[in-house]
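First to last, the protein sequences are chains W and U.
Start counting at 1 in the first sequence, then tack on 134, and there's your number in my numbering.
Start counting at 1 in the second sequence, then tack on 4, and there's your number in my numbering.
Hints are not guaranteed to be accurate.
With a straight-line Cα cutoff of 30 Å, these simulated DSSO-like cross-link-like pairs (lysine-lysine) come out [as the list claims (entries may be wrong)]:
| # | chain 1 | residue 1 | chain 2 | residue 2 |
| --- | --- | --- | --- | --- |
| 1 | W | Lys142 | U | Lys64 |
| 2 | W | Lys142 | U | Lys126 |
| 3 | U | Lys64 | W | Lys212 |
| 4 | U | Lys136 | U | Lys64 |
| 5 | U | Lys258 | U | Lys173 |
| 6 | U | Lys173 | W | Lys212 |
Read the hints as simulated data drawn from the structure, not as lab findings.
Each chain is listed here by its residues.
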Amino acid sequence: MRESTIMKIHYGTALAAVALVAVHILMRLTMGYAESLEYENVLANYKFVPYAIMLELILILLAVHGFNGLRVILIELKQGPTYEKAVSYGCLAGMVGLIAYGSRTIIMTNMGMV
Amino acid sequence: MAQVSGIVNEQTSTPVSSSKSITLRISRYNPEHDDSSKFMEFNVSYEKWTTVLEAILDVKKHYDHSVAVRYSCRQATCGSCGMIINGKPRLACFTKISELDSNVVTVEPMNNFPIIRDLAVKFEKLFDSHQKIKPYLIRDDTELESDQKEFLQTPEEVEQYIQFANCIKCGLCNSACPTMATDSSFVGPQALAQAYRYVADSRDKGKDSRLKIIDDSHGIWRCHFAGSCSQVCPKGVDPAMGIQLLRGYLLGFKS
Numbered sequence: 135m136r137e138s139t140i141m142k143i144h145y146g147t148a149l150a151a152v153a154l155v156a157v158h159i160l161m162r163l164t165m166g167y168a169e170s171l172e173y174e175n176v177l178a179n180y181k182f183v184p185y186a187i188m189l190e191l192i193l194i195l196l197a198v199h200g201f202n203g204l205r206v207i208l209i210e211l212k213q214g215p216t217y218e219k220a221v222s223y224g225c226l227a228g229m230v231g232l233i234a235y236g237s238r239t240i241i242m243t244n245m246g247m248v
Numbered sequence: 005m006a007q008v009s010g011i012v013n014e015q016t017s018t019p020v021s022s023s024k025s026i027t028l029r030i031s032r033y034n035p036e037h038d039d040s041s042k043f044m045e046f047n048v049s050y051e052k053w054t055t056v057l058e059a060i061l062d063v064k065k066h067y068d069h070s071v072a073v074r075y076s077c078r079q080a081t082c083g084s085c086g087m088i089i090n091g092k093p094r095l096a097c098f099t100k101i102s103e104l105d106s107n108v109v110t111v112e113p114m115n116n117f118p119i120i121r122d123l124a125v126k127f128e129k130l131f132d133s134h135q136k137i138k139p140y141l142i143r144d145d146t147e148l149e150s151d152q153k154e155f156l157q158t159p160e161e162v163e164q165y166i167q168f169a170n171c172i173k174c175g176l177c178n179s180a181c182p183t184m185a186t187d188s189s190f191v192g193p194q195a196l197a198q199a200y201r202y203v204a205d206s207r208d209k210g211k212d213s214r215l216k217i218i219d220d221s222h223g224i225w226r227c228h229f230a231g232s233c234s235q236v237c238p239k240g241v242d243p244a245m246g247i248q249l250l251r252g253y254l255l256g257f258k259s
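In isolation and in its complexed conformation, chain W is listed as follows (with noise of 0.2 Å):
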């Protein structure tokens, strides 16, 4: 992929990721802070369908935006093709993980699976 689709996508989950994250936090505040950060509202956050897609759609946003910032510094750092390619990979390997682990997360509680 050309750097420049790749910081396309970095600079569109980045403004996407503010606004959702935006909308996440006024939230929080439709009721007190600490109450909605307990166990059984947190979960009922995660069991509201829209909510549960909103939140999905933060770890991605956040993990692709994230995982390239990661890569970008990296590749910075120290250069070479062997060690490029194993960040950029190596990248991409944790931006898919990090996202099948937190879509585990947020699909088990909202099937009501903890």
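Keeping the supplied structure of chain W fixed, place chain U upon it in accordance with the hints.
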């Protein structure tokens, strides 16, 4: 030895009887012999018009002819005498000692360049990167038709790129760039600014090929817009702005 004494006897550009003097600290380093650089100090007299380059050349004439320094035109045109002067990348021929406002003037080789010896650095990577972005007009019709005189441009079209055409390839922008300090493969602000110079030229048709070259993992996207390159340019070129404008083409804001 005869040659050395000949140099010593030569008339100096700065009168020895000058009332004002500074301590000139010159970084000395020979990669073939030395493990690290060390500073040598010289007491140099100066007038208000004396440049750092003239002071270095006085040191070469009077104290130590082995100081390695690259210079040529002495009028900020050739871009040969770039060095770090009191911590900032500058042209030695374009920096007066009096304007530094310091009793100690420290000169070091430019950062982000391999050192040949003392103040002289290798420019190969700078020129390679410059050459890589195709620094010339690309057109299909290389020959003029018989009824044409020249490729005419409006003043507005010239305005788009003219400041970037002032680049003298001195390497000060690359020396100041924080990305170049860690990313040895980064194409650098000099080459990116020159890429913009040709992309923005209405006579040029090589935009796509140039954008493809700089759209690399060590290309234009590694610029963090620190702006150091623009601050140190002795010719008033603004590479940081050129890079941002070039990004506009790659992000689809400009065509």
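How the hints compare with the structure:
1. W/Lys142 to U/Lys64: 53 Å, violated
2. W/Lys142 to U/Lys126: Status violated; Cα separation ~36 Å.
3. U/Lys64 to W/Lys212: 39 Å, violated
4. U/Lys136 to U/Lys64: 37 Å, violated
5. U/Lys258 to U/Lys173: Given pair U/Lys258, U/Lys173 holds - Cα atoms ~27 Å apart, limit 30 Å.
6. U/Lys173 to W/Lys212: Answer holds: U/Lys173 to W/Lys212 is near 26 Å, not above 30 Å.
Going through the hint list in order, the structure does not satisfy hints 1, 2, 3 and 4.
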